[in-house]
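Trainee: The chain contents come next:
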Amino acid sequence: MSKRLAKWCTALAMILVVAACGGDEDTVTEVEDTAATTTQAPATAAPDEPTTTAAPTPDTTAAPPAMAEPSGTLVVAVNQEPQDLAAQGAYKEINAPGLRNVVETLIAVDPSGEIIPVLATSWEWVDDRTIRFELREGVSFHDGTALDAEAAATAVNWVWSSENAFTIQEFAGPGEITATATGPLTLEITESEADPLLEWRLTLNGITSADQIENDPGSHFDTPIGTGPYVFEEWARGQYWSATVNHDWWGWTADDAYGTTLPVFANLQFVFRPEDASRAAMAQTGEAQVAMFPSAEECAAAGGDYKCVAGPSDTYLYGRLDHSLFADSRLQDSRVRQAIFESIDYEALVDLIGLASVPAGQLGPEGSVGFSSAISQYPYDPDNARRLLDEARGDGVDVDGMSIEIIGRDTTPRISPIVEALGGFFTEIGLNNTVAVQVPDIFNPRVRIAAYAEEPGRQLLQVHVKGNPSGDYGLTLFSNYACPDIDNPTGPSRSSVFCNEQFDADLLEALTLTGGERDTALSDLVKFVHDEYLIIPLALLDRGYLLDSGLNFDFGIDHRVLAVYISAAS
Amino acid sequence: MGRATTIGDHMTRYLLRRTVNTLVLLLVLVSFVFLAGRMIGDPALNILGLNASGQALENFRENTGLNDPLIEQYGRFLTDVISGDFGVSYRYGFSVLPSEELRGAGTEVLPLVLERLPATFRLAGVAIFIAVALALGLGLVAAMRPGSWVDRIINIIALAGVSIVQFWLGLVLIVVVSVHLGWLPTSGYGTWQHVILPALTLAARPTGRIAQVVRSSMLDELSKPYVETARSKGASTPRIVLIHTLKNASVPIVTMIGDELGALLTGAVLVETVFAWPGVGLLLVDSLVRRDLPLIQAAIFVVATLVILVNFAVDVAYSFLDPKIRLAGGRA
Chain A
1 MSKRLAKWCT
11 ALAMILVVAA
21 CGGDEDTVTE
31 VEDTAATTTQ
41 APATAAPDEP
51 TTTAAPTPDT
61 TAAPPAMAEP
71 SGTLVVAVNQ
81 EPQDLAAQGA
91 YKEINAPGLR
101 NVVETLIAVD
111 PSGEIIPVLA
121 TSWEWVDDRT
131 IRFELREGVS
141 FHDGTALDAE
151 AAATAVNWVW
161 SSENAFTIQE
171 FAGPGEITAT
181 ATGPLTLEIT
191 ESEADPLLEW
201 RLTLNGITSA
211 DQIENDPGSH
221 FDTPIGTGPY
231 VFEEWARGQY
241 WSATVNHDWW
251 GWTADDAYGT
261 TLPVFANLQF
271 VFRPEDASRA
281 AMAQTGEAQV
291 AMFPSAEECA
301 AAGGDYKCVA
311 GPSDTYLYGR
321 LDHSLFADSR
331 LQDSRVRQAI
341 FESIDYEALV
351 DLIGLASVPA
361 GQLGPEGSVG
371 FSSAISQYPY
381 DPDNARRLLD
391 EARGDGVDVD
401 GMSIEIIGRD
411 TTPRISPIVE
421 ALGGFFTEIG
431 LNNTVAVQVP
441 DIFNPRVRIA
451 AYAEEPGRQL
461 LQVHVKGNPS
471 GDYGLTLFSN
481 YACPDIDNPT
491 GPSRSSVFCN
501 EQFDADLLEA
511 LTLTGGERDT
521 ALSDLVKFVH
531 DEYLIIPLAL
541 LDRGYLLDSG
551 LNFDFGIDHR
561 VLAVYISAAS
Chain X
1001 MGRATTIGDH
1011 MTRYLLRRTV
1021 NTLVLLLVLV
1031 SFVFLAGRMI
1041 GDPALNILGL
1051 NASGQALENF
1061 RENTGLNDPL
1071 IEQYGRFLTD
1081 VISGDFGVSY
1091 RYGFSVLPSE
1101 ELRGAGTEVL
1111 PLVLERLPAT
1121 FRLAGVAIFI
1131 AVALALGLGL
1141 VAAMRPGSWV
1151 DRIINIIALA
1161 GVSIVQFWLG
1171 LVLIVVVSVH
1181 LGWLPTSGYG
1191 TWQHVILPAL
1201 TLAARPTGRI
1211 AQVVRSSMLD
1221 ELSKPYVETA
1231 RSKGASTPRI
1241 VLIHTLKNAS
1251 VPIVTMIGDE
1261 LGALLTGAVL
1271 VETVFAWPGV
1281 GLLLVDSLVR
1291 RDLPLIQAAI
1301 FVVATLVILV
1311 NFAVDVAYSF
1321 LDPKIRLAGG
1331 RA
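Chain order of the listed sequences is A and X. Using this note's numbering, the final residue of the first sequence is 570, and nothing's skipped along the way. Using this note's numbering, the final residue of the second sequence is 1332, and nothing's skipped along the way.
The hints are simulated quantities; they were obtained by calculation from the structure and are not laboratory data. Just so you know, not all the hints are guaranteed correct.
Restraint ranges, calculated between C-beta atoms of paired labels, are given here [to be verified]: (1) 445(A) x 1175(X): 37 to 43 Å; (2) 450(A) x 1028(X): 57 to 63 Å; (3) 1072(X) x 502(A): 49 to 55 Å; (4) 1160(X) x 216(A): 31 to 37 Å.
Computed list of chain A residues with no C-beta within reach of chain X, every gap over 12 Å [claimed, not checked]: (5) 154; (6) 383; (7) 392; (8) 444; (9) 454; (10) 458.
Facing chain A, a subset of chain X residues (Cβ under 8 Å, in silico) [claimed, not checked]: (11) 1116; (12) 1174; (13) 1179; (14) 1186; (15) 1247; (16) 1250; (17) 1252; (18) 1275; (19) 1276; (20) 1278; (21) 1282; (22) 1283.
Beta carbons: idealized from backbone N, C-alpha and C, even for Gly.
Chain A on its own, in the form it takes in the complex:
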């Protein structure tokens, strides 16, 4: 008996250890600290004059949308079961895929990256910390209660409440967000500190029934009551959640309803399939019309009744090469750094990763606020890299005595071949190196100022994945390049490689700006850090879907699975 039990105990232990090494998207990707951008922003940051954004004027010459009766079921195979279906989970699609079909927001980011009206028809900055919204008339929650300013304020305050401590707090910004009804359909939302990104933050804010929040808050977590085109129906734990079309949805008659089509499916079903191959198999057999996040191989195998569609995400793979803080002095030689950057065959690296693209010399995709079109990816030029190293040697830099430690975190997909490839590129130009993949408990502290201060003179290249869901370079610049605070090891710039007082001053000023001014100021800084050879943008990571060949799916960088963006392929 004891031998058998020992064997089973061992099996359980192995399961525990193996499974603990896995991770969902949240644990794989480090998100830029969104509170960072405005922590020191002066109060004069926001626009002096209120700026109003309104829904585009309806094109009255356009033909009305077809009103075919929705039919059939759209089955979406998703990679994980939601923790809950609370309104706050709508901030990030990976939390609860598909929830935005039920729970809507005041404003939203559409697949093209534009902020569009949803439950609000217009909005304006009142001052540097407040936005006033005019709500859409005649909207009802799925429980029949009306959406008015009081209800919306209740929903907003519930989601951002520090007492509730929802995980959306990571996007709360520098202060506390609160909402007040100032008219029957007029709502003012205020951040206690000036915050140029408040508008974007509110695109994350799911609005659900105030009646439910006040009278039955427990059900809020598993029975979402929103205003969306689909009404929540059932959550079969461990299996799926489902919804049926909302015949009372405001979008049926509104001229400015979002989506490329009105709802065409009568039912939605989001089935949970943690295993990649299971999701792919569902798409292959037609059991699912959409299967999330296939591997590059599964995408390549698509054809016939199903296809693969992929697009950029908000995550990027980068090489954090020690620089001015505590790094080996040889790594501060610009020729050595340039040689390292030019030794890498970025196209080959992207091919190795699969669903990815070569960055444009910066840590984000085109379309982000602050994206610099003045730069492009570093060239792959091993001959020039060797020449640069020879030049450094000639000036007495002990290049041959260096050994760069290349490490990756084991939760990053395909990290072993990636670090091996980087080691190979360095070897090709004559740079000694070692490669290793480390578990998060070892890897993570070494990214942070508190730990790397304890390793003076190190020659470290950390290969890592980060995400920036805001589409604003302010977050990226602050997180990666602003002077880290040794006394605040969990501060926003804890993993920065760089410290330059003038850069910090310029960045802080840029972070107070909005609109075109912000875009220009940030893009200048993006170009500056590019030219300093600080962090290596290795790849922009795509996400894809296996899709029924008869369908089209329009999605943006936030990869929201919204049925109104899924239409019949013509």
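Please arrange chain X on chain A, whose structure you already have, making use of the hints.
Mentor: Chain X in isolation, oriented as in the chain A frame:
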């Protein structure tokens, strides 16, 4: 009368010793789960993530008792376990940081685990049924023709069943049976068709092991003199095998079936993940991915308890089937 009393005493001692062993094993296992849960990383950092502020981490540790000395946490954990209280899920049900107000109304983890048990039992039940049926057939056929090509093929099948990686087999079955042949659904839960592929996957290993034991036990029995006597009296081979020898060979077979039933419960973890079967295994993997320590502890405790109880039941059954063990108080 005296003999009956002796057997009863032996049995009582045997059951008592097994019960104590079982309780000690449970204690060891619970302790292991407690320690392992704290060795896979800082629970606060695992749950709140890299972006959590120092204050948030500190609040979490304070609110969840992680700041207390380990021995104090362990004592509290044991006391709670004895009363069936594994606590509230960190993540399942509420995607919140440690807000005292909402945590107080959080989801109890033990009911979460128990509501997944029927699905796991269903899968394990069908799998063991398939395994026993196949293994008996294969083992008997092999035993009746030892050394023949049929015996060799069955041996290879049994060895393959024992050696095969379940995860891989599951994926192959999905590709062949569901994707290419279109006979069964790829994954999921609900109809009788859904259980076939995961049950076949799970049954591979016990089929191989039980078939090997059936074959060797039957060969042992078939070589005994009473079989020769039966043959000389004109009994047919099927009659000899099914009527005379199978019963006598059943002790190791039953033991092996019980042994494999316990293994099925742990093996179900991977199979449930591949086929999205909503049992305890899938819940356990999900809780590990989410670093939901209370749920991890409850799920492992329930699975391990089941394994130990099945093991205990097998030992008791074994002692009833084999009088030598009964008389020796389980020492045989």
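Trainee: Work down the list of hints and note, for each, if the structure agrees.
Mentor: Going through the hints against the structure:
1. 445(A) x 1175(X): 37 to 43 Å: holds, 42 Å
2. 450(A) x 1028(X): 57 to 63 Å: violated, 38 Å
3. 1072(X) x 502(A): 49 to 55 Å: Check passed, 52 Å falls within 49 to 55 Å.
4. 1160(X) x 216(A): 31 to 37 Å: For residue 1160(X) and residue 216(A) the Cβ distance comes to about 55 Å; the hint is violated.
5. 154: holds, 17 Å
6. 383: holds, 39 Å
7. 392: holds, 35 Å
8. 444: violated, 6 Å
9. 454: Given a closest Cβ separation of 18 Å, the condition holds.
10. 458: The claim stands: residue 458(A) keeps its Cβ more than 12 Å from every Cβ of chain X (closest is about 21 Å).
11. 1116: Since the shortest Cβ distance to chain A is 7 Å, the answer is holds.
12. 1174: holds, 5 Å
13. 1179: Holds: closest Cβ of chain A sits about 5 Å from residue 1179(X), inside 8 Å.
14. 1186: Cβ of residue 1186(X) sits 4 Å from chain A, so the hint holds.
15. 1247: The hint is violated - residue 1247(X) has no Cβ within 8 Å of chain A, the shortest such distance being about 24 Å.
16. 1250: This interface hint is violated because 19 Å lies over the 8 Å limit.
17. 1252: This interface hint is violated because 14 Å lies over the 8 Å limit.
18. 1275: holds, 7 Å
19. 1276: Where the cut-off is 8 Å and the nearest Cβ of chain A is about 5 Å from residue 1276(X), the hint holds.
20. 1278: Holds: closest Cβ of chain A sits about 3 Å from residue 1278(X), inside 8 Å.
21. 1282: With Cβ-Cβ at 6 Å, under 8 Å, it holds.
22. 1283: With Cβ-Cβ at 7 Å, under 8 Å, it holds.
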